[in-house]
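Protein sequences, first through last, are from chains E and G.
For my numbering, count along the first sequence from 1 and bump the result up by 2.
For my numbering, count along the second sequence from 1 and bump the result up by 197.
Zero decoy hints are in this set.
Cross-link-like lysine to aspartate or glutamate pairs, in silico, DMTMM-like; alpha carbons within 20 Å at most: (1) 125(E) / 286(G); (2) 209(G) / 325(G); (3) 340(G) / 89(E); (4) 228(G) / 24(E); (5) 321(G) / 304(G); (6) 227(G) / 36(E); (7) 228(G) / 36(E); (8) 291(G) / 329(G); (9) 116(E) / 10(E); (10) 95(E) / 129(E); (11) 209(G) / 304(G); (12) 308(G) / 90(E); (13) 228(G) / 29(E); (14) 227(G) / 29(E); (15) 228(G) / 74(E); (16) 95(E) / 24(E); (17) 321(G) / 90(E); (18) 321(G) / 203(G); (19) 269(G) / 45(E); (20) 269(G) / 304(G); (21) 321(G) / 285(G); (22) 13(E) / 120(E); (23) 228(G) / 32(E); (24) 95(E) / 285(G); (25) 95(E) / 316(G); (26) 321(G) / 89(E); (27) 125(E) / 285(G); (28) 340(G) / 90(E); (29) 228(G) / 28(E); (30) 269(G) / 36(E); (31) 227(G) / 74(E); (32) 227(G) / 24(E); (33) 291(G) / 89(E); (34) 227(G) / 32(E); (35) 227(G) / 28(E).
Note that these hints are calculated values from the structure, not bench results.
None of these values were measured; they are calculated from a predicted model.
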Amino acid sequence: MTTTYHFEDFKPGQRFGFGQYEVTKEEIIEFARDFDPQPHHLDEEAGRNSILGGLAASGWHVCSMGMRMFAEAFANQTASRGGVGVEECRWMKPVRPGDVLRIEMEVVETRALKSMPDAGIVKFRWDIFNQREQVASLTLLPIVSKRGA
Amino acid sequence: MMWFEDITIGSKANLGTHTFTQDEIIAFGKKYDPQPFHVDPLAAKRSSYGGIIASGWHTVAIWMRLMIDFQKSLGGSGMRGGVSPGFEDLRWIKPVRPGMTLTYSTETIEKVDLKSRPELGLIKSRNEARDENGALYMSFIGKGFVFRKPDGATP
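The shape of chain G in the complex, shown without the other chains:
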């Protein structure tokens, strides 16, 4: 497992893809974002979007799922952490429509020492979702706590 010290600024990972179906877009919308353009195909058609679009919270929740699956796929070489104090600058850039496939990525952009929690460091990442043509649909700056290597620990 990777300690805070093992993580390199600039390291980038492709997290994989997700295809959004109309059924899952509506199911998420009904549970967590019941605005007409997320749940009602007819109302969505009459809205400025011209059809159903995914909740932005759905688009970003899929990033989280792919990130966890990616960390698990690394097995023993995943990060030691998993708790976050929040995020910054989340942008929903283009509407995500049924049938679209987005490719998600993460890149480490900053490492922050924490005086208040000497056993942890904070990693900042730039995270994105793009379509097949490379157009950017969603981005945000993520933050995650990662444990520091204790004195005497082996890698």
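So that you can see chain E by itself, here it is in the shape it has in the complex:
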């Protein structure tokens, strides 16, 4: 794995696009069984009768699929030390079987850390889309090492 990006390489306003994640019914149900066993994430009929209007992925599953795309396309080429958190997440539209997800990412802000002089926080906003519309938006706060750290 080549480390391409360090803290110094990020500037507010930079944009990146990545990911192609095919969402299957089997995976929606598997995630829900493990972590979010509510009827509208487990069963098509129950989904139709809920305010989601059909079987839909758990929001935590949507975040996790976003993380998978981010890790594969981006974080593993970045001197990332993991995240300190997520400022805000909005689940905007249901994610359904057959959706193909992708991320448009923008650097919102970079912040040096007094407690960690060899690293800083890069605030990224992920806008997650399926093939029709935006389905979620998250503001993520990963710690990224400086060059030579």
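Chain G: place on chain E using the hints.
Only chain G this time, still in chain E's reference frame:
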């Protein structure tokens, strides 16, 4: 089942505990967060964490699971809802390592009326995971839609 009107600000619940095994940490990491310090014990040892740590998404997904199990344990007295527009201020405060046991909790902190959806209200909650010594590992502000009591409904 509880309507929006039945929920009290300040009510707090212990959701139970979860012990993280190395196998499940790596399994979650391989599926959803394949960074070296979540999936590769050797690489993790050489990282600034000094060993495998759980994905923050894994730590918070366990909150969801314990919350659903808790609601089910209340049977008829659970909330009428289950759909969320998102969350705020999720903090991964300390690394969660194999063998650790965390205790999860939820507290209702705010009730919001929704002009756009008069049949629903929005509940905000403060959610936490702590270790046996009370140290805070994870927290976030959750949001959930709960149905309002229709006119003429019995409790």
